[in-house]
Amino acid sequence: MQELLQTYHLNENNFNWDKNWFIQAWRIMNTIRVFEEKSIQIYKKGLMGGSLHSSIGQEAVAAGVCMNLKKDDYISITYRGRGQALAKGADPFQLFSEILGKKTGYCKGKGGPMHITSQELGILVANGIVGAGIPIAVGAGLSIKTLKKNQVSVAFFGDGATNQGAFHEALNLAAIYKLPVVFVCENNLYSEMTPIKNAVLNEHLAERGLAYRIPSIIVNGNDVRAVYEVAKQAVERARSGEGPTFIEAKTYRLLGHMIGDAETYRTKEEVEEWRQKEPIRYFRDVCLKQNVLNEKELDEIQQQVIQEIDIAYERAMKSEEPEMEEIFNDVY
Amino acid sequence: MQELLQTYHLNENNFNWDKNWFIQAWRIMNTIRVFEEKSIQIYKKGLMGGSLHSSIGQEAVAAGVCMNLKKDDYISITYRGRGQALAKGADPFQLFSEILGKKTGYCKGKGGPMHITSQELGILVANGIVGAGIPIAVGAGLSIKTLKKNQVSVAFFGDGATNQGAFHEALNLAAIYKLPVVFVCENNLYSEMTPIKNAVLNEHLAERGLAYRIPSIIVNGNDVRAVYEVAKQAVERARSGEGPTFIEAKTYRLLGHMIGDAETYRTKEEVEEWRQKEPIRYFRDVCLKQNVLNEKELDEIQQQVIQEIDIAYERAMKSEEPEMEEIFNDVY
Amino acid sequence: MMSTNRIISYAQAINEALKEEMALDDRVILLGEDIGSYGGVFKVTKGLFDEFGKERVIDTPISETGFIGAGVGAAMTGLKPVIEIMWIDFSLVAMDQIINQAAKMAYMSGGQTSVPMVIRTQGGGGRGNGAQHSQSLETLFAHIPGLKVVAPSTPYDAKGLLKSSIREGSPVIFIEHKMLYSQKGEVPEEEYTIPLGKADIKRSGKDVTIVTLSRMVQFSLEAAKELEKEGIDAEVIDLRTLVPLDIETVKESVKKTNRVVVVHEATRSYGWGAEIAARIQEEAFDDLDAPVQRVGAEDVPVPYNLNLEKEMLPQTKDIIQGVKKSLYLQMETV
Amino acid sequence: MMSTNRIISYAQAINEALKEEMALDDRVILLGEDIGSYGGVFKVTKGLFDEFGKERVIDTPISETGFIGAGVGAAMTGLKPVIEIMWIDFSLVAMDQIINQAAKMAYMSGGQTSVPMVIRTQGGGGRGNGAQHSQSLETLFAHIPGLKVVAPSTPYDAKGLLKSSIREGSPVIFIEHKMLYSQKGEVPEEEYTIPLGKADIKRSGKDVTIVTLSRMVQFSLEAAKELEKEGIDAEVIDLRTLVPLDIETVKESVKKTNRVVVVHEATRSYGWGAEIAARIQEEAFDDLDAPVQRVGAEDVPVPYNLNLEKEMLPQTKDIIQGVKKSLYLQMETV
Ligand SMILES: Cc1ncc(C[n+]2csc(CCOP(=O)(O)OP(=O)(O)O)c2C)c(N)n1
Ligand SMILES: Cc1ncc(C[n+]2csc(CCOP(=O)(O)OP(=O)(O)O)c2C)c(N)n1
Ligand SMILES: [Mg+2]
Ligand SMILES: [Mg+2]
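Chains as they are written, first to last, in my numbering: chain A, 1 to 332; chain B, 1 to 332; chain C, 1 to 334; chain D, 1 to 334.
Careful, some of the hints might be misleading.
Listed below are the simulated SDA-like cross-link pairs for lysine to any residue, each with C-alpha atoms no more than 20 Å apart in a straight line [what the hints assert, rightly or not]:
(1) Lys178(B) <-> Arg56(D)
(2) Lys325(C) <-> Leu288(D)
(3) Lys43(D) <-> Ser9(D)
(4) Lys45(A) <-> Lys43(D)
Calculated directly from the structure, the hints in this document are not laboratory data.
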């Protein structure tokens with residue numbers, strides 16, 4: 001059983017992305033970061049409803065996993081899921097529109113920030129119920145297998161979600177039916193205000209995958225390259241009919257659980273320490289050190305991203321509200 | 001992690017029950033067997049409602065575990081739970097009364113065969129919902145710990161129950177709060193008509209305990225002595241504040257899931273094979289081989305048991321039905 | 001109903017509906033506990049495993065949240081799962097997937113996704129199965145926007161309604177009754193479907209309208225027979241589906257009878273009978289000559305003892321009494 | 001209400017009730033997510049961890065089935081757990097423990113065991129939290145025998161009702177409203193409790209009776225104010241608890257006003273308003289001069305967009321309209 005558990009270490013010498021991949025990773029991660037920052041402004045200005053859960057600091061997981069996916073592959077995400085949606089190709093304009101409750105949003109403004117869906121992009125649903133998206137992703141895996149498609153289905157969820165019954169039941173189903181599913185647990189060390197170490201005895205959540213005899217792998221979730229490599233293997237296994245893989249991506253949520261979180265449960269020092277290791281800074285250093293991209297190239301892309309996000313935001317702000325009659329549509 | 005998993009092998013040379021314990025084990029197992037056989041007659045005669053789930057073949061688990069328990073220790077059982085109730089000291093008369101729906105039953109005839117409870121004997125509840133009794137047993141463990149009592153709480157459940165979310169959530173709670181709980185999984189190889197090997201990839205369900213870092217142990221569930229020994233350790237750990245233990249007792253359900261089960265899902269040969277290893281026959285052989293009890297002693301006890309059960313049954317049959325007004329009592 | 005002399009059971013009728021829809025549409029798959037080679041504990045899926053194979057008739061571990069959730073995901077991505085929850089009481093372990101997920105998916109996505117899924121289950125009492133295996137929980141589902149709720153009373157209706165349910169584009173909770181499985185009735189050889197949302201007048205009458213569904217249709221028909229002897233002519237409306245609700249048929253009837261008794265096996269308080277009563281008095285106040293009476297189970301869990309259970313659940317005599325009450329006849333005469 | 005000038009918020013009032021009952025009775029423990037040193041996401045349990053320690057204020061992993069189930073077991077064995085389900089929508093993952101276990105334990109055991117447990121949770125919309133965080137699910141619980149259901153509208157009521165709920169011997173679903181937490185009101189220093197099952201007339205009037213609870217009490221009072229300007233004198237009854245239901249107070253009122261409007265935030269169909277309407281027409285038919293009107297949310301999931309959400313949920317104007325309808329006044333005048 002233990003042989004199913006692995007810790008992945010990136011071999012710097014063996015790692016061979018071409019430049020375009022570096023650019024793509026850099027672009028995706030920055031898009032997420034800038035989008036999230038803008039969203040926070042929107043929230044703080046009181047332009048949106050509900051709560052906003054930022055994924056700042058976790059961009060490498062979304063990027064590294066989704067860079068392995070095709071448009072018709074499925075992902076199931078959470079309330080903290082705009083990052084994964086962007087990595088899967090979501091249009092910032094439609095995303096902003098959605099969080100602003102506009103007609104032009106992915107869900108016509110009826111879903112909101114917690115419920116991003118894009119049928120076209122294989123974004124099944126963003127779930128507000130912890131753990132609930134995991135069996136849904138497994139169901140997509142069942143479709144793929146039954147309909148003999150070449151897709152994969154990825155479930156993104158947090159460390160805290162591994163304590164839900166839905167997690168347990170879903171992993172077992174994927175295991176016994178050998179479904180093309182990749183379980184991506186973003187262990188950001190907290191579920192809301194509760195440190196994961198208070199909620200489980202496990203040192204590694206990957207241990208939990210073993211209970212279903214699912215190959216389980218621990219990876220540095222702040223290194224987009226490592227996440228990419230691990231996800232690549234998992235996606236290949238899935239596509240070739242070898243069944244599910246469980247990935248524990250160790251990362252950190254740099255901001256509070258939601259905007260407005262008092263963050264009394266952790267020290268500034270802890271946050272600062274992780275800020276040093278945060279994925280964008282980390283990847284920038286890698287690019288520079290390995291001479292793949294220089295300062296100027298990196299900055300230029302960042303600037304482009306900022307501009308694109310700004311434009312998307314402005315357009316979304318100018319978009320129309322849904323008609324009142326929308327209330328009665330899409331119920332059945 | 002793996003170090004938390006053990007397979008228990010009884011060391012015949014080191015095993016030192018005195019004669020009284022042998023007698024007790026023999027008596028309990030026979031009481032269960034005879035009670036169950038009588039219940040089946042009751043069911044077949046159409047004297048009771050609902051379904052009847054027999055535990056014939058699994059008597060050693062109930063006996064071996066409960067011989068370690070005091071009256072005020074708690075157990076949480078299932079629809080297949082009259083055996084455990086008897087092992088915990090339940091009165092066959094009150095049990096028969098309950099399955100016959102009589103006023104003199106443990107639950108005044110309102111619970112029925114699936115819902116045996118005895119507040120006095122620490123039988124918390126017999127559950128009809130697979131897995132649901134496990135968190136309830138954990139809650140009793142929480143009471144014990146909070147109120148600083150010296151009791152333990154035992155959850156009995158089947159192999160199939162390990163696939164329920166409730167199982168997962170409950171084990172994790174017991175682990176992190178270090179509660180005095182013993183999880184006893186009676187792996188009788190089937191959940192209803194589904195072989196457990198179709199429902200999990202695990203060879204041993206004890207692997208599942210590891211996911212919560214709970215010490216987990218596999219034992220021959222048909223040898224009452226082995227079960228006793230394993231449960232003893234677990235109960236001692238619990239009582240001394242060291243937290244939960246998970247026991248997988250490998251056994252076999254000699255009859256169908258419920259009376260009336262067509263048993264198309266298994267061969268007669270398989271059943272016959274297990275009949276050779278069934279706990280009462282096995283224990284009889286042990287007693288004889290080791291010269292602890294002779295044929296006559298064994299038979300005499302059996303005869304006594306048969307008589308007691310008969311008397312209890314006759315009395316229960318003659319008991320009164322509950323009054324109609326009972327319907328409205330005990331709701332709140 | 002088409003003319004026919006073929007008599008089959010409620011369980012067989014459901015089995016046929018599954019078989020026909022599976023033959024018609026490859027995307028229809030079945031999921032559930034022991035539904036495979038064993039054919040289900042109530043034998044409703046008998047033979048389907050042999051006919052359609054293990055890829056389409058899938059035995060599941062005991063994990064209702066897991067496999068209902070998987071059904072939701074499968075339905076969103078091209079399959080049409082028909083899932084068996086063995087007893088309706090067990091739906092409670094999967095309520096999040098039913099209410100927060102299946103029911104809301106289409107809406108939350110602004111209509112991008114849909115969940116064409118049927119949850120087949122069976123409810124009701126009468127067999128001494130005790131408090132955790134005898135509930136009538138249809139009201140819980142009917143209250144949730146996004147779910148359709150069907151509860152057939154005859155083999156004919158069961159087949160026609162299940163076929164329509166499978167063709168629906170949204171989640172349907174299809175509630176069978178354990179005491180009806182072996183009941184027989186006419187079911188034509190020819191294909192037919194029954195639309196959701198159309199009540200069926202199972203007996204015409206002019207003095208009082210009995211509104212009901214599932215097993216209580218039988219009890220109501222028995223009550224009507226008894227009442228006939230006393231010169232009371234009851235109309236029995238089988239709603240068949242709670243969502244959509246065919247209140248029009250009920251209102252039509254009330255125009256004629258001016259008196260209504262709603263009968264359900266669910267516990268009375270906050271049960272669906274209240275909705276019917278509320279709607280009728282809202283929309284047909286002036287047609288009512290007496291308050292709408294409700295006949296339901298007592299507001300207690302279902303007791304095990306068979307006599308107590310019978311006393312707790314509505315019986316023919318209770319329906320008769322409800323009717324008389326609505327006719328302002330002496331209770332003593334019952 | 002006793003005379004006092006102390007003004008505190010609804011959240012503080014609940015906090016005080018917890019504190020007082022914990023001080024009074026060692027067996028009262030709290031369980032829930034982030035309720036410990038953080039004090040709960042709505043700050044309701046603030047300070048209790050410091051005061052009573054981690055043995056009595058227990059942070060749980062995200063496993064509602066697990067910790068509600070543990071609450072049931074703990075309640076059966078000597079503790080009095082008060083459990084926070086952070087949002088009522090999440091109760092759906094634990095429905096089995098609530099409905100099949102907590103609610104039925106006393107009954108199934110023939111009265112041997114009991115489950116003195118309170119589940120505190122918060123529901124309702126108004127903040128743009130979307131379909132999975134805005135529901136009003138009280139009807140689901142009210143329909144289940146064995147559960148009591150409380151939903152306070154003011155700080156005063158919240159405190160008094162929660163104290164009583166904790167002292168109950170059976171499971172209580174205590175539903176707070178997210179939009180009320182910061183609302184302030186008078187709460188005396190002195191100890192008091194409010195019994196479950198006693199409605200409170202929040203405003204007397206003679207022309208029409210508005211029956212409601214929770215946040216809709218406020219909206220109804222606002223509506224009453226508006227209506228007053230038009231010479232309509234509305235009585236506003238706050239039910240406070242759905243189970244037990246104080247139908248007597250409602251019937252008394254109807255005797256006087258002859259007109260009733262039931263107002264709730266839950267979706268209209270199969271909601272608890274139907275029960276009130278059904279009961280009134282059953283038990284006070286001759287007192288009614290018009291059909292009982294129901295004002296509830298539209299029968300759709302809660303949309304995210306704040307304007308849509310507002311349109312979907314009942315507002316003061318809808319209550320006014322409901323009242324006018326019950327008075328047979330022109331709708332156009334609204
Ligand atoms: C069933 C359920 N319980 C509780 C919550 C409240 N809640 C929202 S997010 C969250 C923490 C989840 O933690 P984790 O899974 O680690 O994800 P993260 O937020 O860190 O991304 C909780 C408890 C919920 N949404 N659903
Ligand atoms: C939640 C739930 N799902 C399904 C059932 C139906 N059911 C009753 S017993 C059973 C099998 C349980 O198997 P296992 O846990 O191995 O216990 P055993 O019957 O073998 O003692 C099933 C599926 C149930 N009672 N509860
Ligand atoms: Mg987390
Ligand atoms: Mg078993």
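Hint check results:
1. Lys178(B) <-> Arg56(D): holds, 15 Å
2. Lys325(C) <-> Leu288(D): OK: Lys325(C) and Leu288(D) at ~19 Å, within 20 Å.
3. Lys43(D) <-> Ser9(D): holds, 11 Å
4. Lys45(A) <-> Lys43(D): violated, 23 Å
Going through the hint list in order, the structure does not satisfy hint 4, though it satisfies all others.
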